[in-house]
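Taking the hints as your guide, dock the two standalone chains into a single complex.
Here the protein sequences line up with chains F and L, keeping their order.
For the first sequence, the positions run 1 to 77 when our numbering is used.
For the second sequence, the positions run 1001 to 1148 when our numbering is used.
The following residues of chain L were derived to be distant from chain F, with all beta-carbon distances above 10 Å:
hint, residue
1, Pro1009
2, Ser1029
3, Leu1093
4, Asp1096
5, His1107
6, Gln1133
Covered by chain F, per the in silico footprint, the following chain L stretches (three or more residues, Cβ under 8 Å):
hint, region
7, 1050 to 1060
8, 1118 to 1125
9, 1136 to 1144
Please keep in mind that the hints were generated in silico from the structure rather than gathered at the bench.
Note that CB positions come from ideal geometry on N, CA and C, so glycine has one too.
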Amino acid sequence: MTVKVKFFASLKEQMGCDGATVEIGEVATAADVWLAASGGKAMPANVLVAINMEYGDPNRQVCSGDEVAFFPPVTGG
Amino acid sequence: MRVEVRELPFAPWEALQRYENEVVSTRYSGKYGASAVFVGTMRDFNEGDEVRGMTLEHYPGMTERELERIAEEARQRWELLDELIVHRVGELLPNDPIVLVAVWSAHRKDAFEACRHIMEALKTRAPFWKKEQLDSGYRWVDKNSDGY
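Isolated chain L (complex conformation) (with noise of 0.2 Å):
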């Protein structure tokens, strides 16, 4: 498992490629069948206003516990071999990306809802906030549109 929140902008794929190539292909050579992957991108527009930028705050230390945690209970749930959680922070920018979940496991199954699950867990429990500038100043954005 390793979870990264990182305060720079990010390229999720290659991020994704790296942690099979280094961790997952030589850890479980063999081993998984299945691979499942949530990429989140930030859009330019929301509640029916434009978004020009967004300010990622978060809990340092709490965060990261917290999609431990998360990671972890997927772990009880489901037949996992690895995951992969990476989210951003600080300033951003519309299509810049936001977060990547990526879960390894032996069947589909597992893959796509334990991916599911930590994501939707993501939204409601780790400590991010989105604070979006409009072109009328700063909105936080208070709540999630539905996951399920």
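So here's chain F without its partners, still in its complex pose (with noise of 0.2 Å):
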């Protein structure tokens, strides 16, 4: 399934784009996905992870178009 992958502030920089569209196989979690679009590094333990713009654990299950995104703590305001 194709998945849509965003990121943000930091870890933007860090991955040096801000985002990409990855194939991964059907059953897959956001954390699979992280693996998918970093080329296997470690998510880093800080990072929030958002499934179609709603805050989401790294082990829930994505499904096919979704938008998966992952960022570094929030410090609006």
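Listed below in structure tokens is the structure:
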């Protein structure tokens, strides 16, 4: 299946891009998507995950067409 | 409820006045006895360094949804009539307003507590990121100061 990946802020700089479209097996979690998009790097402990613009656990399953975003702790306000 | 993410500088007190005049005072005439407001402004110092400017990045789409979810949660918990949240993104300079949170309620307890809750939830959940411009270069802000 195909999943859209987004990176933000310092993570975007570390990854060298603001996202990608990744092909992954039919049964996959957000953590699997991270591995596919990052080339196998370990996910930093403080990274937050959003699936279709809603916070989610890295172990949550994703579906084809989902948008999976990874970003550092937020610092607005 | 209104949630706005603005790319350009805004005047929070004017935005507040306009929203109260155009929306709250007509929709809830005679019903609100308490309004609580928080305005966040950019400082020229952080972590012992002088800060010359700041870039605020966000996640378009999720930002607005998360702010709406936060306001909706506050509505479930307190007796609120209306909420206004405005947040800047883009390039900011010291003294520029960053955020406006305002709530209208019948009573002060709900107004004070909900305004503070919305602000604290925004700080920990709304997908904004600050990048500071220092004399020595750029630095991503990686944590918030304590709110409670």
